[in-house]
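With the hints as a guide, bring the two chains together.
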Amino acid sequence: MLKRKIFILTLVALLLAGLYLFIHMNFQAMEYLLRTRLEKILAMVLCAVSIGVSTVVFQTLTHNRILTPSIMGLDSVYMFIQTIVVFLFGSGTFVIMQSDAYFFLTILLMVGFAFGLYQLLFRRGHNNLFLLLLVGLVLGTFFSSLSSFMQMIIDPNEFLLIQDKMFASFTNVNTDLLLLSTVIIAVLCVYIFRYRHYFDVMSIGRDHAVNLGVPYEKIVKRMFLVIAVLVAVSTALVGPITFLGLLTANLAREFLQTFRHTYLLAAASLLSIIALLGGQLIVERVFSFSTPISVIINFVGGVYFIYLLIKESKKI
Amino acid sequence: MIVAEKLSKYFGSKKVIQDVSVEVQRGAITSFIGPNGAGKSTLLSMVSRLLKQDDGIVYLDGKNVHKQKSKDLAKTIAILRQSNVVQMKLTVRELVSFGRFPYSSGKLTQADEQKISEAIAYVNLEELEDKYLNELSGGQRQRAFIAMVLAQDTDYILLDEPLNNLDMKHAVQMMKLLRKLVEDFGKTILLVIHDINFASVYSDRIVAMKDGSIIAEGPTDDIIQSDVLKSIYDLDIDVHNISCNRICVYF
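Protein sequence lines, in the order shown, are assigned to chains A and B.
Positions 1 to 316 (UniProt numbering) are the ones given, in order, by the first sequence.
Positions 1 to 251 (UniProt numbering) are the ones given, in order, by the second sequence.
In isolation and in its complexed conformation, chain B is listed as follows (with noise of 0.2 Å):
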């Protein structure tokens, strides 16, 4: 489980997060949803030691994140950001294969090799697995991004829009593929995700913050309620049930 106590962040004199206090269950998808600028990023790169909090604690299964070995906790939490630049010249299996260093420490074994084909076969890139970085579309280096936090084999899978330059075909591949690894394999995921319906159909439980601080929180289908989206959003948001899914309509 993480729980964060009383979170704060300051860049400058701007506070980004504001005593925020969360518990993230074990074997589910939690969403992050909130405008731009609400602090759901930050949020994530903190109880991931991406960032420091300036005030505050993250305990992942009760111990504290900023106290243990970045090698032990890069074994159990991995975190991909939403811009992803490399600027070297990387195959898709190079990429993906730097998610097995926190066990190989830069020599591949036997197993790690199969490791990486096998998160480079959850994202379909096995044809393209030799190929460049720069000569992939958006997508499909998201989704090498993606394999290769596969890769890590991590307990708790944090991702920042990770629906980010994907079609609906992929975008609607991977949030089955999360939902796979949260019942086959009992991961714990992070999302910061913008697509309310995305958020709605595939997560358990949502968190949704404003300006700093979480101002709704619960089970998907307590907080995708018109009212409750109103308080985030500043916007009137139909919500109907379509073959048992609850689908905002806002346009």
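If we strip away everything but chain A, and leave its shape as in the complex, we get (with noise of 0.2 Å):
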């Protein structure tokens, strides 16, 4: 019955993966158009598989539904980041963004963030993950209010720059760096999938984790960090797109009502891909590229998140 699910999502992202390649195509140039359209499928699956396998762990470490990575403040330090280069380098910057070295810089420096959430907290004896959501939502809200400060102050023509970063797109993704982010994306999805069983006993709670053997702290302190690392990537790669994992990761769950990892990783993932295909496909052939593809994304995302609010808040 799983299985049939997981083949039927398998399937539609096949079939969309399919139509979005070969759709208007024009014969003269479809050597240029083929290379352009897989390596757009590519990074929307990196994004989409890294989105929706790190929502799917963090959301079983939080034993929270509503959460998603994001609230670790990752995105704000990455819009932060945008800002602070513009607004040092002013309109000179267009050809830095573009290059590897800003790329890394930006993993690193996301990185370095979540790294430092984690020393703070995680070593000092505390092991309260809570706490160190907590921390990180006020850092995140600290940096984005600083990014809108500095966006206040700067030549309108350089905002438009920032505000091309603020929404994921895929239309001008760096080619160079697809094969690297791959290699990075797919060695951290298969560490964190060889934990897959552990993730289902770690869903029915704490104490009975621990009881049953499983090293919960250590678990949870190491994939907050492979979480962080993944976010990371996909963000600097495509930009942030928030809603996607908290709409995918919920549908997966609904969709295949179990708590066997093995599934809901591959469905979240599945479904994300999904989600960023038909999203791409109704931006380039509906709203001929008018709109943002994480303007839709955010927009089904959210009216899902309200959804699922009233859903949860009429059990209790």
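If you're looking for bench data, these hints aren't it; they were derived computationally from the structure.
There's no promise every hint is true.
Said to hold, decoys possible - Derived Cβ-Cβ restraints for the label pairs, each shown as a range:
1. B:N165 / A:R222: 30 to 38 Å
2. A:T141 / B:N165: 41 to 49 Å
3. B:L136 / A:L38: 46 to 54 Å
4. A:R222 / B:S231: 48 to 56 Å
As the list claims (entries may be wrong) - In silico BS3-like pairs for lysine-lysine, Cα to Cα no more than 30 Å straight-line:
5. B:K14 / A:K218
6. A:K221 / B:K14
7. B:K89 / A:K5
8. A:K221 / B:K63
9. A:K218 / B:K15
10. B:K180 / B:K75
11. B:K210 / A:K221
12. B:K67 / A:K221
13. B:K169 / B:K180
14. B:K69 / A:K221
15. B:K63 / B:K89
16. B:K107 / B:K131
17. A:K218 / B:K180
18. A:K221 / B:K180
19. A:K218 / B:K169
20. B:K69 / B:K15
21. B:K89 / B:K67
In this text, a Cβ means the ideal position worked out from N, Cα and C, and glycines have one as well.
Structure, rendered in structure tokens:
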């Protein structure tokens, strides 16, 4: 039953990918079109898998279905980096922003932020994940405020550069970095996937998990860092896309009705791929690029979030 | 044998457990009794490494509990705490399957399935095994959790108020089952229990706690005495011998 559902999702994802690849094909420019479209599909798959996987694991660690890793404040740090670069270097930044070094610097700073949080709270003997998230949230707000402040005082033309970075976009992904990102994300996902049975047990609660021999605190700490890297890579590649994970992780849980992470991780990734491919098709073919995809995703995700809040509050 | 040496635990500045030393013998039921807030559950949590003590050491068969691999411990000692809320949609059988995790690491073998079926049969939940936990009554759910602990097949079983939510019939069945586990399989069982008469009739030894310390400990008959009980509960309790059982009347 579960396998069949995963099969259906795979089928839909493949169909959409095929549609995206061949729609409005111009046979004279076929080679060029195929290559650029394949690159875009790869970028979407990378983003989808990292967001889907990291959100499912994050929700299991926090026992909370309405959280996403963005609560750690990584998105705000990302925006802060973009803003401060434009603020300091002005319109010359467009060149900088396209460079590989900038990509690595962004990842390094985001991971550094997560690692700093981790050192500050976990290393000192505290084992409270929620305290860490709260501090992340507060710092995230701090960085957003700083960013908005700087955005107010810079040149409006330069602000457009930042605005471009505020929403995830697959239209101009730096293709040089795709291969490297693929490797990083694949390694991290394989690593996470090896813990899938532990996640199953962890989802029935800490005490039961410890009783059953799960090194609970160790896994929480380790996964926190792995998730941070995963989110950092995907954000640096395409930009922040907050609600996608919330949407797809919950849809995966609703659709499969299971605690088994083997299937949950796969379904969340596939649903994310479907959402991104579908969204991108709509953006390109219906709105003719007038709206960034994350606006659509955030809109749908936001509506679903409100639905979840209402539904969960009725339960209590 | 479980040996606790000078265990202490603070929550903030409040001392919940103070220099508690206790030995629990193998192959017996030991009941921990005492008023609310005496520290019984905290003690059991520390013995089973769910909670780290601030001071003192727990030895399980001569080895320090907090220095052992969690996975190995899970095959020797199992604990079930009082409140067991699972938010997910799980069937009884799926829940009980978790008990085999220390052995199977998630991939159940034929032998595991066998143990799971046995555990479910022990608590009489065969007909409900495919029902979801949230469709069960409180007592049925409690029995499902106990089946999970049984499936874990450990020498030591720690149960924090296992009779919670159980009606009289199932409470008696549960205690008889625990007795059977001790007699047939030589398990060692530690209970936190509030019903003094269940403790009196079914346990071999009793440890009485109050305000974070142990105030009485010994074979059941030595503890179920009016004067000892008075010092534990501040309550006048008559003890009668009824068909070889010591029954307390405190109503």
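Hints, verified against the model:
1. Taken as a hint, the range 30 to 38 Å holds for the pair N165 (chain B) and R222 (chain A), whose Cβ atoms sit roughly 37 Å apart.
2. Here the CB-CB span from T141 (chain A) to N165 (chain B) is close to 44 Å, well matched to the stated 41 to 49 Å.
3. Taking 46 to 54 Å as the suggested C-beta distance range, the pair L136 (chain B) and L38 (chain A) conforms, at roughly 51 Å.
4. At about 49 Å, the beta-carbon gap between R222 (chain A) and S231 (chain B) stays in the expected band of 48 to 56 Å.
5. With a CA separation close to 28 Å, the supplied pair K14 (chain B) and K218 (chain A) stays within the 30 Å bound.
6. Only pairs whose Cα atoms come within 30 Å are accepted, and K221 (chain A) paired with K14 (chain B) is accepted, the gap being roughly 28 Å.
7. Only pairs whose Cα atoms come within 30 Å are accepted, and K89 (chain B) paired with K5 (chain A) is accepted, the gap being roughly 18 Å.
8. Distance hint between K221 (chain A) and K63 (chain B) is fulfilled; the C-alpha atoms sit about 27 Å from each other, no more than 30 Å.
9. At most 30 Å may separate the alpha-carbon atoms for a hinted pair to count; K218 (chain A) and K15 (chain B) meet this at roughly 27 Å.
10. As the CA atoms of K180 (chain B) and K75 (chain B) are separated by approximately 20 Å, the hinted pair is consistent with the 30 Å bound.
11. As the CA atoms of K210 (chain B) and K221 (chain A) are separated by approximately 37 Å, the hinted pair breaks the 30 Å bound.
12. In summary, the hint linking K67 (chain B) to K221 (chain A) is supported, as the alpha carbons are separated by about 19 Å, within the 30 Å threshold.
13. Taking the CA atoms of K169 (chain B) and K180 (chain B), the gap is about 16 Å. The hint holds against a cut of 30 Å.
14. With a C-alpha separation of about 18 Å, the suggested pairing of K69 (chain B) with K221 (chain A) holds against the 30 Å cut-off.
15. Taking the CA atoms of K63 (chain B) and K89 (chain B), the gap is about 38 Å. The hint is violated against a cut of 30 Å.
16. Between K107 (chain B) and K131 (chain B) the CA atoms are separated by roughly 22 Å; this keeps the pair inside 30 Å, and the hint holds.
17. Proposed proximity of K218 (chain A) and K180 (chain B) is contradicted: the alpha carbons are some 37 Å apart, above 30 Å.
18. Simply put, K221 (chain A) and K180 (chain B) have alpha-carbon atoms about 42 Å apart, too far for the 30 Å limit, and the pair is violated.
19. Proposed proximity of K218 (chain A) and K169 (chain B) is contradicted: the alpha carbons are some 42 Å apart, above 30 Å.
20. A distance of roughly 28 Å separates the Cα atoms of K69 (chain B) and K15 (chain B); the hinted pair therefore holds under the 30 Å criterion.
21. Note on K89 (chain B) and K67 (chain B): the hinted pairing is violated, with a Cα-Cα distance of about 35 Å set against a maximum of 30 Å.
Figure legend: structure checked against the earlier numbered hints; hints not met, in rising order: 11, 15, 17, 18, 19 and 21.
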